[in-house]
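Engineer: Chains A and B are the protein sequences, given in the same order. Everything in the first sequence is counted per the numbering used here, starting at 25 for the first residue and increasing by one. Everything in the second sequence is counted per the numbering used here, starting at 84 for the first residue and increasing by one.
Be a bit skeptical, because a hint or two may be false.
[As the list claims (entries may be wrong)] Subject to a maximum C-alpha distance of 16 angstroms in a straight line, what follows is the list of computed EDC-like cross-link-like pairs (lysine to aspartate or glutamate):
#1 B:Lys308 x B:Glu223
#2 B:Lys180 x A:Asp46
#3 B:Lys180 x A:Glu87
#4 B:Lys527 x B:Glu393
#5 B:Lys180 x A:Asp41
#6 B:Lys180 x A:Asp44
[As the list claims (entries may be wrong)] Sample of chain B residues lacking proximity to chain A, with all beta carbon distances greater than 12 angstroms (derived):
#7 Thr278
#8 Gln383
#9 Gly429
#10 Pro500
#11 Ala534
#12 Asn544
#13 Val604
#14 Ala607
#15 Gly625
It is worth saying that the hints were derived from the structure and are not from the lab. By construction, the Cβ of each residue, glycine as well, lies at the ideal position given by its N, Cα and C atoms.
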Amino acid sequence: MAVPKRPPLPLILLANDLLDGDVVFRTASGGWTRDPADALIARDEATADRLESEAAATMRNNEVVDAYVVDVSVGADGAPTPNHFRERFKTLGPSNRPDLGKQAEFARRSPHVPL
Amino acid sequence: MYRYDEFDERFVRERVAQFRAQVTRRLEGSLTEDEFKPLRLKNGVYLQLHAYMLRIAIPYGTLNSRQLRQLAVIADKYDRGYGHFTTRQNIQFNWPKLRDIPDILELLADVEMHCIQTSGNCIRNVTSDHFAGAAADEIEDPRPTAELIRQWSSLHPEFDYLPRKFKIAVTGADHDRAATKAHDIGLRVQRHPDTHEIGYEVMVGGGLGRTPMIGKVVREFLPKKDLLAYLEAIMRVYNLEGRRDNKYKARVKILVHEIGAEEFTRRVEAEFARLDGASVNADPEEVARIAAYFAPPAFQTLPARSTKLEAYKAMNPAFARFVENNVTAHRAPGYAAVTVSLKEIGAAPGDITSDQLRAAADLTERFSFDEARISHHQNLVLPHVRQDDLFALWQALGAAGLATANVGLITDIIACPGLDYCALATARSIPIAQAIAKRFADEKRQALIGALGIKISGCINACGHHHVGHIGILGLEKNGVENYQITLGGDATEKAALGERLGPGIDGEDVPEAIERIVAVYLAERREGEVFIDAVRRLGLGPFKAAFQTLTGQEARHAAA
Ligand code: HEM
Ligand code: SF4
Chain A
25 MAVPKRPPLP LILLANDLLD GDVVFRTASG GWTRDPADAL IARDEATADR LESEAAATMR
85 NNEVVDAYVV DVSVGADGAP TPNHFRERFK TLGPSNRPDL GKQAEFARRS PHVPL
Chain B
84 MYRYDEFDER FVRERVAQFR AQVTRRLEGS LTEDEFKPLR LKNGVYLQLH AYMLRIAIPY
144 GTLNSRQLRQ LAVIADKYDR GYGHFTTRQN IQFNWPKLRD IPDILELLAD VEMHCIQTSG
204 NCIRNVTSDH FAGAAADEIE DPRPTAELIR QWSSLHPEFD YLPRKFKIAV TGADHDRAAT
264 KAHDIGLRVQ RHPDTHEIGY EVMVGGGLGR TPMIGKVVRE FLPKKDLLAY LEAIMRVYNL
324 EGRRDNKYKA RVKILVHEIG AEEFTRRVEA EFARLDGASV NADPEEVARI AAYFAPPAFQ
384 TLPARSTKLE AYKAMNPAFA RFVENNVTAH RAPGYAAVTV SLKEIGAAPG DITSDQLRAA
444 ADLTERFSFD EARISHHQNL VLPHVRQDDL FALWQALGAA GLATANVGLI TDIIACPGLD
504 YCALATARSI PIAQAIAKRF ADEKRQALIG ALGIKISGCI NACGHHHVGH IGILGLEKNG
564 VENYQITLGG DATEKAALGE RLGPGIDGED VPEAIERIVA VYLAERREGE VFIDAVRRLG
624 LGPFKAAFQT LTGQEARHAA A
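All chains should be modelled from the sequences, with the hints used to inform the complete structure.
Structural biologist: Put into structure tokens, the structure is as follows:
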């Protein structure tokens, strides 16, 4: 099988926590955070390589499921926003329920793309 | 209602225990995700965008108050205070934690519910007419048939590893409210024209998704006693010859399409002749035992027309509107079937809060012989209400935020979870439904437009049945943004038809305006008493396309070309 092409820099690693199913983000210290603002942003190929190998390793040792890297834009506040709308949803929560998900928990997040 | 026997009970409990052990091993790390995934899917556990999701089977959509209350308990204790009714008469919880799911399954088992065969390549929850046992136009209650199929298909060893998932729907009335022609197998109860004996019309190969197809009749009349043997013959032909090489060609509709309905029928009939029917068909005693569970409740002898109801209607226009839209004729004089809309303007179609589940449970007990139904339109039904009680019921529904009087109208929209929840989605569905409902919120305008079904899916899998919507909306991705294709002319009933595309995809924010223009053509062109779908059939796509293209600018480009 062809290896999927890595998205362009800068990027972050996200996954679903095995126990809770919650979306989590890889941090600089090699742990996971539920707050996207605390995600490690890979701005160079070496860090991106590291995140990709951590994705494989943490799935293998059953910390998380569905771990993959996505390209992001970095806001003035330094927080990453995924460039694709699908992963933007993962960092926010259901757009029809602003009271649920990360958008409610971490209220500083940027709002959803309006319809 | 059907009650679990000891065998069912023991089996479900054992299954919960097995799954608890599997979850424990997963959490300890002795099962990998690749090993665990098929096990969790066998118990209805998916991984969605934000969390796990649990899909609970509601066989043929029938529930009692105890079950509704237990769902409310689960919603409060293990989820976020709400659930989502799906287009296949199931309920989904969107936020369960993996470690809690065995406990949830235990709570479900306490009320004879489970998640078995709500996922995977097996025979899924058997669906049926939500007015079963109540509808005035019914030939026979389809639920004993659905229950028989449920028992036969539950953990049937031969059909546990089919090429793909398999969905069966049964209707017992002439008017098909169960979308039988959009199912892998559709069964229609009917009387033989000469003998008046009851039997089934059997349709195979319907389905939506990537390659939508309308089911083909393979047997015009199947005697009732031969049901299971005939189904077994169909399943065998499919199991052996369905395509396992390509997931997108693995549904039975592709097999029927590739070899032709005639050849498919020939193979089924040959298999049917070969197999030992007597060893497969249900024992008549067992059939009678099951049927007894669905015996009609003890209806009172009442006049056909309730003077009390007429008086309340005359006094209260809002109530009259509710009766007009949400109340359906019942087979028993003096009774009515009530559809409780889960499509309040601005709400997510099919979502219900735990408080509403409890209110529905109370009203089910008080007014409907402790029976409720889920419809594939994502609404709740109280099937057996005395007409004399309708006003009291309506008031109580109003107090629970459940009295929206829009059943069958333009704001009674079917929508799948889409990209707000679903990991497979390519675009959102719920906000589109909300935006359309808000645009058409005015009740007088809804009444003026009349019956019109909009159905929305967030990807080509078509869980929102958009192909068979009078107006269908399919959310896709185009150049990194959400994009919506509009189809027209679909129909999910006995006149089943697939909608056709009106033109190129449009942005989400333009969808309400597109619907507006389609509706404007209908209002301008309709004949006296002609409903939307009939007008579309008569007029063809032409005028609607032209109106749609004024929105997309295609007209100008065509004119210039
Ligand atoms: C991520 C979690 C998923 C969600 C939220 C979801 C949601 C739904 C819903 C609400 C329905 C209608 C209802 C029902 O069976 O009760 C449905 C059916 C369906 N699902 Fe999913 N689903 C998910 C996973 C899948 C998967 C893994 C597939 C397969 C690739 C799939 C393909 C379909 C198709 C094709 C239908 C029905 C269309 C038809 O044949 O009539 N879904 N899904
Ligand atoms: S149609 Fe697609 S987006 Fe909608 S629920 Fe089904 S799989 Fe998900």
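Engineer: Indicate, hint by hint, whether the structure satisfies it.
Structural biologist: Against the structure, the hints come out as follows:
About 15 angstroms separates the Cα atoms of Lys308 (chain B) and Glu223 (chain B), which keeps this hinted pair within 16 angstroms; it holds. Note on Lys180 (chain B) and Asp46 (chain A): the hinted pairing holds, with a Cα-Cα distance of about 8 angstroms set against a maximum of 16 angstroms. Distance restraint check for Lys180 (chain B) and Glu87 (chain A): the Cα-Cα separation of roughly 14 angstroms lies within the 16 angstroms cut-off, and the hinted pair is therefore satisfied. Straight-line distance between C-alpha atoms of Lys527 (chain B) and Glu393 (chain B) comes to about 21 angstroms, which puts the hinted pair past the 16 angstroms bound.
This hinted pair checks out: Lys180 (chain B) and Asp41 (chain A) have alpha carbons roughly 10 angstroms apart, not beyond 16 angstroms. With a C-alpha separation of about 4 angstroms, the suggested pairing of Lys180 (chain B) with Asp44 (chain A) holds against the 16 angstroms cut-off. Distance check for Thr278 (chain B) against chain A: the nearest CB is about 53 angstroms away, which clears 12 angstroms, and the non-interface claim stands. Every CB of chain A lies more than 12 angstroms from the CB of Gln383 (chain B), the least distance being 43 angstroms, so the non-interface label holds.
A beta-carbon of chain A is positioned within 12 angstroms of the beta-carbon of Gly429 (chain B); the least distance is around 9 angstroms. At the 12 angstroms boundary, the C-beta of Pro500 (chain B) falls inside the reach of chain A, the nearest C-beta of that chain being 8 angstroms off. No Cβ of chain A comes within 12 angstroms of the Cβ of Ala534 (chain B); the nearest lies about 26 angstroms off, and the non-interface call holds. Its beta-carbon lying about 15 angstroms from the closest one in chain A, Asn544 (chain B) satisfies the requirement of being farther than 12 angstroms from that chain.
Consistency note on Val604 (chain B): stated as away from chain A, and its beta-carbon is indeed over 12 angstroms from all of that chain's, at 24 angstroms minimum. The Cβ of Ala607 (chain B) sits about 28 angstroms from the closest Cβ of chain A, beyond the 12 angstroms cut-off, so the non-interface label holds. A cut-off of 12 angstroms between C-beta atoms confirms that Gly625 (chain B) is not in contact with chain A; the least separation is 30 angstroms.
Hints 4, 9, 10 from the list above are not met by this structure, while the remaining hints are.
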